[in-house]
Structures are given as C-alpha cells and as structure tokens.
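Chains as they are written, first to last, in the numbering used here: chain A, 210 to 455; chain B, 3 to 226.
No lab work stands behind these hints, which were simulated from the structure alone.
Hints are not guaranteed to be accurate.
[Claimed, not checked] DEER-style ranges, computed between Cβ atoms:
#1 A/345 x B/188: 54 to 62 Å
#2 B/89 x A/297: 36 to 44 Å
#3 B/98 x A/446: 28 to 36 Å
#4 B/61 x A/345: 58 to 66 Å
#5 A/451 x B/46: 49 to 57 Å
[As the list claims (entries may be wrong)] If the Cβ cut is set under 7 Å, some of the chain A residues that face chain B in the computed set are:
#6 297
#7 353
#8 452
All residues carry an ideal CB built from backbone N, CA and C; glycine is no exception.
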Amino acid sequence: MIWRIASLAGFLLAWQLGSSLAGAAILPSPAAVLMALLEEARSGALALNLLATLARVAAAFTVAILFGSAIGYAMGRSATFDRVADPWLILLLNLPALVIILLAYVWFGLTEAAAVGAVAINKLPNTVATLREGARALDPALDEMGQAFTFDPLTRARHIVVPQLAPYLAAATRTGLSLVWKIVLVVELIGRPNGVGFAIGTAFQLFDVARILAYGLCFVAVMLAIETCLVQPLERHASRWRIRKA
Amino acid sequence: MRSAAGERKEILADIRFALAPGEVTALVGPSGSGKTTLLKIIAGLDHDFEGEVTIPAERLGFVFQEPRLLPWRTVEENVRIAAPQASNSDLEPLFNALGLGQHRRHFPGELSLGLARRAAVARAFAVRPDLLLLDEPFVSLDETLARQLQEELIALVERSCVTSLLVTHDILEAARLVERVIVLDGRPARMVADLAIEKPRAQRSATFVSSIADRIRSTRLTTS
C-alpha cells in the first residue's frame, strides 16, 4: 500500500515538474486539471458525457459478448462450422477499427445504432476467438457424466458448460472492456453530439489541454471502479471452488 | 471403436447376456479388454457398435473410474444436480452411510480420492437407479479404504435391490462381492465364462473366495 501511494505521489511530482518545464499551455499542472474537472462537473457536462459514453459501452459490450460467445462456442464445438467461419473471423480480426466505424456511419448514417453496432463489431472477433478456445477445452468426461445422468440442456449449460467457460468469459470481459472504451471514444469523436469522445474532440479544437486531461483521468477512474467493483468480485465468485495458493 | 488417430478397431465381439432384476454381476477381464467400452455402450454413451441393448430400466446410475464430479459445485450440489427430485430425507441417510456427512459443503478439490469416489457413489444412488453401472470404483485406493468402500457400497446395493454391473480387473474383489461373474478375454474381447456364485456374500470365507478366484482364473487360462 505504501509503495502504491509513494508511486502515485512520484507521478504527481513528475507531472508538476513537467508542467513547469514545458509551460502550462502544453501540460497544465495537476491543480489546473482538477479545476477544469470541477468546472465540467458543476456545469453538468461531465455527468452527461460520462453517462452517454457509459451507456454506449454497456450496449456495445453486451451485444459483442452475447453474439461473440454464441458464435465462439459453436465454432469450438463444430469442426465444420469452424472451417466455414474461420476466414470471416480472420477478416474481421484484421479489419481496422476506423474502417468499420466509417463504413457503419456511411451505410447507416450518423445514428446511435450505427455507433454502437460499429463498436460491437470491433469487439466481436476477439470474443469469438477467446470463447472458441474455451469451447475446445471443454472436458468430454464431464459431458459424458451429464449424458449418463440425463441432464437437461439447461442444467448442462448452467452446471457443466458455463463454469468451464468462466475464465474465458472473464478474459473476454477484461480485454473487451478496455477495447470497447477506447473505440467508443473514437466513434463519439467522429459522429456523436455527446459523450467523452465528443467532449475531448471539442477541447482539442479549443486547444484546452486541461479539459482533455480531466476527461482522460475521469475515464481511468470509472474504468478502475468497474474493474474493482464488478469484474473482480464476479471473478472471485466464479473461482471460489479453486484451492487458493498460499 | 475409433482411435485418436482415426483408425477403426474392433474391441468387443459376440457379447450376449441378460441381467436378472436385482442381480449383482461383475464384468471381469484384463485391462484394455473393452470392459469400459461395454459399460459405455450399455449406458448409451457410445453408439459406435453393431448390436442391440435393451434396458427396461428408466434411470441409470453411473460411477465412473475417475469420480467425475463438477469441481465448481459442492458435494451436496453435485448430488442434487444429478438427482433434483431427491428430498433431504433421501439424501441424509445416503450421505451418512458413505461417511460424507461432514463433507456436504466441501468442493471436490478439497476431498481425497476416497471421499470423491464416495461422493460419486452417493450421486449414483441418489437418482434411485434401476440399473447401476460401476466402472472400477475401487481402483487406486489403498487396501483398507477399498474394503471399507466395498462394504458400504454392497450395503447400499442390498438395501436398494438395484440391478448392478461392476467392472473390475480384480478377481478377488469380484469373488467377494458379486453373485455372477462374466469373464471377457481375447482381442477382440469375447465372453469366455459366465459363472454364478450362489453362496451368500456374508458366508463367503477367505478360502472360498480364493477358490472362486482360482476358478475364474482357470476359465481365462483354458481359453487363451
């Protein structure tokens, strides 16, 4: 804990030092950024933009995880489907995010659905690839056990399949959240009238570095909160049966 | 059967037998003789065979060679998932009979192999099976532990009068526990003997058991 605090203090010190060396216009001091943050919070813009971004992240993330898991599972279980879908997956994995975003806006207009859809499609192939590995690693011995005791499909899914896929889902969630966050900002920068990406874009046009930093740090804070309050407890719950290392 | 490399191999041939209701039968043979495969065919887990399996029974209890418990569910949850209709008053005596009373809330990873096997046995009995299939349930347990589990298992089998098929390579174990022994041998494996042991289990002395074991052994020697 002490090391963490010392490390953080060192970061703030380096920032302050850099600010006085480079000048406040290029790198505003921590205090100036805090002022900018409070200003945004008072006007209500901060909450509005954060909420708009959060809603887009949640929507895109949900769509990507749901479809990605289903497709990945099917590819892991069926060799034929895997062979058919694999070239598509490779294509999608290597298509630049920017191309997907611009095409979505060109084809479907500057709409919310196009924005969320573009982000989801960017995240989808990564989820598919991760869950495909998970489905390939499913233990056939447990499958047989379920068959011998005539588990119905729901019981099988809940007690045999999902617990085995849990580490893969957690990995997809981890990489997914950070990826979706970043791409949502680009989508907002290009074609949305609100959100953190939009706010940062506006600040850039005004060369308001303090506001860019304020939003950036806020963003990190929300990320951390989601990680510690949501992802980690869920992971702990899912792995409670594992014998913990001393 | 198809091997991992995709080669086809004939494992079993000319197998034909019927089990009487409530009968406890052992399927004996050297390792690799296809006993487990036969059990899987009977359980409907292996469809790659020619022939016919008729099971008038509805519910199947299966004790696999490895316990095959769900590591992410407790002992009690493992049993309840397989037997959702089982009430607390059904399970309580079952857990106690198998010495699992203290371990209901434990995860399988926290159990010794002996206890994990017991949990697997509890699961198989909890479904109130009409046919119980046991695949080497005592293998790799030490002698005392194996004996103990054998006694508990036989007590449960006798109480529930369930038709049971026990796969084992241990001839003494078979001679001690069952009423009928089917011997498989050769490649592909065929039935080389089918003998009844009429003396009740409780009255079998050590000399009787070893004489039966000799008889089982001799059937394998004369045919091979």
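Results of checking the hints against the structure:
1. A/345 x B/188: 54 to 62 Å: 37 Å, violated
2. B/89 x A/297: 36 to 44 Å: Violated - the Cβ-Cβ distance for residue 89 of chain B and residue 297 of chain A, about 51 Å, lies outside 36 to 44 Å.
3. B/98 x A/446: 28 to 36 Å: 30 Å, holds
4. B/61 x A/345: 58 to 66 Å: 32 Å, violated
5. A/451 x B/46: 49 to 57 Å: Cβ of residue 451 of chain A to Cβ of residue 46 of chain B: about 33 Å, so the range 49 to 57 Å is violated.
6. 297: At 28 Å from the nearest chain B Cβ, residue 297 of chain A fails the 7 Å test, so the hint is violated.
7. 353: 5 Å, holds
8. 452: 5 Å, holds
Of the numbered hints given earlier, the model fails hints 1, 2, 4, 5 and 6; all others are met.
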